[in-house]
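K.L.:
One letter stands for each residue in the lines below.
There are 4 protein chains.
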Amino acid sequence: MTSSDQNNSVNEEPNTGTKTFCNSVLIEDTFAEAFDGWMASILITASKRDLAEIAALSAVGFGTSVIGCGAEAGISDYVIPQKSPDGRSGVTILLVHPDKKQLKEQVIERVAECILTAPTTAVFNGLPDAPEKIPIKIHYFGDGFEYQTTVKDRKVWAIPVMGGEFLIEEEIGIVNGVAGGNFFIMGVTQSTALAAAQAAVEAVLSLDETICSFPGGVVSSGSKVGSLKYKFMKATTNHLFCPTLRDRISGSRVPDGVRAIYEIVIDGTSYDVVRQAMHDGIHAACSVNGIVKISAGNYDGKLGPHKFYLRDIV
Amino acid sequence: MTSSDQNNSVNEEPNTGTKTFCNSVLIEDTFAEAFDGWMASILITASKRDLAEIAALSAVGFGTSVIGCGAEAGISDYVIPQKSPDGRSGVTILLVHPDKKQLKEQVIERVAECILTAPTTAVFNGLPDAPEKIPIKIHYFGDGFEYQTTVKDRKVWAIPVMGGEFLIEEEIGIVNGVAGGNFFIMGVTQSTALAAAQAAVEAVLSLDETICSFPGGVVSSGSKVGSLKYKFMKATTNHLFCPTLRDRISGSRVPDGVRAIYEIVIDGTSYDVVRQAMHDGIHAACSVNGIVKISAGNYDGKLGPHKFYLRDIV
Amino acid sequence: MTSSDQNNSVNEEPNTGTKTFCNSVLIEDTFAEAFDGWMASILITASKRDLAEIAALSAVGFGTSVIGCGAEAGISDYVIPQKSPDGRSGVTILLVHPDKKQLKEQVIERVAECILTAPTTAVFNGLPDAPEKIPIKIHYFGDGFEYQTTVKDRKVWAIPVMGGEFLIEEEIGIVNGVAGGNFFIMGVTQSTALAAAQAAVEAVLSLDETICSFPGGVVSSGSKVGSLKYKFMKATTNHLFCPTLRDRISGSRVPDGVRAIYEIVIDGTSYDVVRQAMHDGIHAACSVNGIVKISAGNYDGKLGPHKFYLRDIV
Amino acid sequence: MTSSDQNNSVNEEPNTGTKTFCNSVLIEDTFAEAFDGWMASILITASKRDLAEIAALSAVGFGTSVIGCGAEAGISDYVIPQKSPDGRSGVTILLVHPDKKQLKEQVIERVAECILTAPTTAVFNGLPDAPEKIPIKIHYFGDGFEYQTTVKDRKVWAIPVMGGEFLIEEEIGIVNGVAGGNFFIMGVTQSTALAAAQAAVEAVLSLDETICSFPGGVVSSGSKVGSLKYKFMKATTNHLFCPTLRDRISGSRVPDGVRAIYEIVIDGTSYDVVRQAMHDGIHAACSVNGIVKISAGNYDGKLGPHKFYLRDIV
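Protein chains in written order, with the numbering used here: chain A, 97 to 410; chain B, 97 to 410; chain C, 97 to 410; chain D, 97 to 410.
Since the hints were made in silico from the structure, they are not lab data.
Hints are supplied without guarantee of correctness; some may be wrong.
[What the hints assert, rightly or not] The calculated lysine to aspartate or glutamate pairs, modelled on EDC-like cross-linking and capped at a C-alpha distance of 20 Å, are:
1) A/Lys320 / B/Glu261
2) C/Lys320 / D/Glu205
3) B/Lys251 / B/Glu261
[To be verified] Computed Cβ-Cβ distance ranges for the label pairs, DEER-style:
4) C/Asp195 / A/Asp146: 11 to 21 Å
5) C/Gly347 / A/Asp146: 45 to 55 Å
6) C/Asn119 / B/Phe328: 34 to 44 Å
7) D/Thr246 / A/Lys233: 48 to 58 Å
8) B/Asp343 / A/Gln244: 14 to 24 Å
9) C/Asp146 / A/Gln244: 40 to 50 Å
10) D/Glu228 / B/Asp132: 50 to 60 Å
Here the structure is a predicted model, which is why all the values come from computation and not from measurement.
Cβ coordinates follow ideal geometry from the N, Cα and C atoms, glycine included.
Could you build all of it, start to finish, from the sequences and the hints given here?
P.N.:
This is how it looks when you write it as structure tokens:
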């Protein structure tokens with residue numbers, strides 16, 4: 097760890113000279129910058145847990161970032177039979193978009209294409225206490241043969257399908273949560289950084305109302321806004337954090353000895369749950385040997401309304 | 097099995113009176129109707145097979161049907177380290193769209209969002225012998241720091257990323273294949289029909305150049321074009337094949353005793369491989385006790401150029 | 097369901113003529129007979145959950161029944177990083193044997209062969225509040241290089257190994273629990289009975305202190321004591337419950353229309369948890385269409401001290 | 097890498113001074129020493145691949161080393177429906193023991209306890225061309241209700257069970273193979289060494305007739321014969337290869353900068369397949385960044401009849 101790292105810090109706060117460590121890993125004096133995002137929560141049940149999971153994985157696929165996908169999406173929770181509305185195993189997913197209308201469209205499309213079509217599934221509102229709900233009128237698919245009924249206290253539509261009946265609660269709770277909580281894990285080898293990242297993801301996903309929308313929860317290719325060279329590109333590789341470029345560019349923020357950096361990106365239903373997820377994830381990452389430093393991504397505080405200072409979180 | 101089933105047959109061919117059976121299961125005298133579809137094949141390798149699979153699942157997600165998704169997509173093959181270009185485990189996916197330009201856009205988006213971002217992955221052309229290729233210029237993400245190199249005989253770009261370097265072969269082979277090969281499995285209970293459907297999917301996916309784009313490969317909610325009741329709906333439940341409606345409507349095609357029908361939909365790189373997949377899948381399904389009948393979906397031959405007669409296939 | 101089924105009932109209680117149903121499935125008026133069993137609980141943590149699970153699966157393997165295996169064994173719980181002693185993901189296993197000394201030997205052997213050898217694992221007492229503990233002296237493997245330390249409030253040995261250090265809490269809590277709680281699921285097809293059995297296992301394993309030691313939790317080949325024909329056999333197929341023999345033998349207890357019967361066998365740390373598991377499992381099984389009857393296995397009350405009457409449980 | 101490493105080499109061959117490298121990783125000039133072992137191969141099929149795999153995992157569990165387990169055991173191959181005797185998905189396992197009679201006992205016990213009991217399974221001889229076969233008389237379990245039949249060209253017994261019928265080919269082919277082929281992977285962090293070990297296992301298991309019997313295929317706690325301190329111990333930690341002891345003992349064979357060493361142990365049906373597996377595994381391991389050295393374990397050539405010189409293999 098050299099003093100030059102600190103010079104590259106984007107943190108606007110005065111540097112008091114006191115360094116923060118977590119399990120001997122240096123915590124950079126910076127902050128994660130995050131955004132508002134509308135979040136819909138859908139509980140998928142099925143006759144077996146793996147069937148619910150298969151439908152969930154299909155529904156959250158191609159959903160890493162709203163930059164290039166229709167929504168950000170991921171599995172947020174597993175529900176045991178004893179605690180689900182219909183007594184079957186369940187998987188809860190979160191779908192996230194800053195725009196409420198586009199979120200609704202995504203919920204409808206992903207439910208219709210990926211859950212309605214999946215064997216033995218049913219759909220319930222995953223946030224029954226949310227004050228705001230979006231209606232998704234899937235029941236028209238029943239072509240007039242559908243009917244209303246109840247499952248425990250949930251009002252559902254029963255839609256005749258080839259596989260039997262598809263039950264769906266059509267009022268889906270939404271909340272305005274926080275998207276883009278994040279931290280960077282810097283390791284001496286790629287395997288080490290990845291092991292720490294995976295441990296972090298396990299800790300983050302242990303919380304019920306958070307998702308990591310990237311594949312396996314880990315981002316390998318962090319980006320910066322715009323481009324140095326290609327004016328037509330909206331985002332390009334975050335070259336200051338690319339280990340292979342460390343000795344070829346000026347201003348690299350890759351510490352000495354670091355060969356890989358992985359980013360964990362967290363969407364959650366509230367500021368507090370994202371903060372808790374960052375805390376748990378950083379601690380899990382720092383328990384792995386060979387991690388040199390934890391940092392975070394921001395835009396100098398100019399874009400997102402939410403800031404998570406690492407030194408306060410750890 | 098009642099004679100009335102035959103009366104409901106959509107098969108235009110003269111009924112010779114000879115019934116076809118596979119392992120004692122009646123094979124309806126009808127055909128599957130399928131479409132042309134452009135197919136791109138991408139080989140994803142990673143440091144471990146599960147990492148390649150995680151990226152693949154993300155990339156093929158929200159990809160069941162081009163009716164509501166950007167592409168149809170699925171895993172087509174697993175590649176052992178000894179046979180992959182970079183000596184690592186790999187997973188091959190197929191992306192399918194009838195329109196070549198839209199297919200290209202989907203390949204670019206899904207690679208950029210779901211594979212480039214995934215840890216340790218690399219991308220290779222999954223159809224190196226295909227005469228036609230689409231170029232996907234992901235390397236601009238490197239912002240000028242990217243460079244060209246080779247992996248075995250493959251020309252690839254190396255793009256610096258936070259996790260190390262992302263290698264990608266940017267010429268992706270495409271072929272004009274066959275989309276929508278299908279058959280219906282009718283069982284005495286939902287579990288039985290599902291077990292047969294899953295056995296069928298295992299057999300279909302054992303072939304290297306086929307995918308089943310629906311969740312777990314099984315369709316629970318087959319649809320018909322248009323609607324009887326809701327004029328604004330483009331497609332609604334295939335009510336003639338809904339077991340719960342059997343005794344409430346006229347013309348139901350659900351045989352006596354059938355409580356669930358699952359559809360297997362197959363996209364493949366050629367007519368022959370789809371035909372082989374239908375053969376293998378039907379035989380696997382019919383090995384499960386409690387299957388009453390196999391049928392298939394068509395549009396009276398008016399929409400798709402490819403027909404697969406079940407009696408010829410079995 | 098014919099009246100002859102009731103005549104075959106082994107239940108010694110007077111038949112009051114009132115039948116019990118669960119979700120329209122007949123619950124036979126009989127009881128499960130279970131045994132005392134010493135149970136040791138081991139919490140395995142690792143740097144990732146899948147590594148803990150791999151070690152656990154190895155340690156509980158070849159552990160279906162004490163008739164032919166050294167112990168009965170299974171995974172009883174998953175522990176999130178925030179709740180495990182060392183902040184890592186964990187998997188808890190139960191090892192069961194009626195004899196305390198043989199249980200101790202099995203704990204030692206299985207820890208030494210299957211967990212000590214597995215990468216990144218640590219071992220903790222899974223029942224820290226149990227009044228009785230067995231000491232397992234694995235630390236001699238350290239050949240004098242081992243040392244004592246603590247992880248949170250746990251006193252552990254640190255043993256140098258090639259992969260780093262293996263931490264183990266050597267006082268393993270044991271309790272005298274109940275082994276052999278069981279019920280039979282009778283379905284109209286094999287797939288249906290299996291689907292119900294798998295749903296039952298999911299419900300049973302949602303409880304923290306129960307295991308289903310058979311493969312996937314489901315027994316396909318229930319047995320009776322002794323043999324009609326082969327005097328050298330201690331146990332042979334439970335022919336009265338074999339569907340394929342129904343019409344060939346007298347006294348078959350297979351109801352009309354049943355083609356498969358699966359047994360769920362449950363070991364748990366107390367009578368109450370096994371009773372709850374049977375309740376939850378039976379309800380889950382009966383939610384699957386095509387289940388005809390639930391029964392249970394006993395020895396006329398002559399062998400095991402614990403009885404679970406189905407009609408009271410449901 | 098210091099010259100002192102070479103001084104610690106156990107290799108008896110003259111040191112020519114030429115060092116061997118694989119992908120820049122130093123290959124120590126030593127050899128793996130392996131043993132003869134009888135190997136039985138069992139093909140388990142089931143209605144779905146995961147059911148076959150669940151039975152296989154149970155049957156190969158508690159089977160890491162014959163030092164403390166009844167047999168060494170692992171999954172050797174996956175068989176697609178089109179290539180299995182009964183047209184269903186299959187998993188092939190190898191069971192290994194130096195003593196033919198004890199191997200037979202283990203095959204019988206593990207088949208009876210873990211495969212016969214598992215839903216929908218059947219058992220076939222995994223080595224139909226082996227000149228030597230062991231008979232396993234499981235059919236007595238049928239209590240006289242069993243009968244002989246054929247599945248394709250295989251002569252099997254059909255045993256009535258509660259779940260239906262269990263089919264088993266009772267002549268199981270055995271060969272005298274090679275057990276204990278091995279190599280050591282030395283990495284700069286635990287995560288790196290583990291990532292390389294897992295890549296090696298994937299490559300090894302891509303071959304059809306090899307197994308890695310330890311959990312996940314990776315050994316974390318290699319041992320030496322006997323003990324320096326505890327005379328009652330038959331085997332203790334291989335202290336010369338423990339990274340945490342490097343600076344506390346004389347003669348450590350841990351290179352500078354190495355924090356973890358994992359061992360891959362391979363059993364295979366022939367010398368050639370084990371040799372190929374070592375080649376493929378070492379190459380896969382050396383493709384991971386942060387691996388410093390590959391070594392192997394032997395007993396100065398005094399115990400096992402088979403030697404695998406690393407420099408010849410790579």
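K.L.:
What hint numbers does the structure not satisfy?
P.N.:
4, 5
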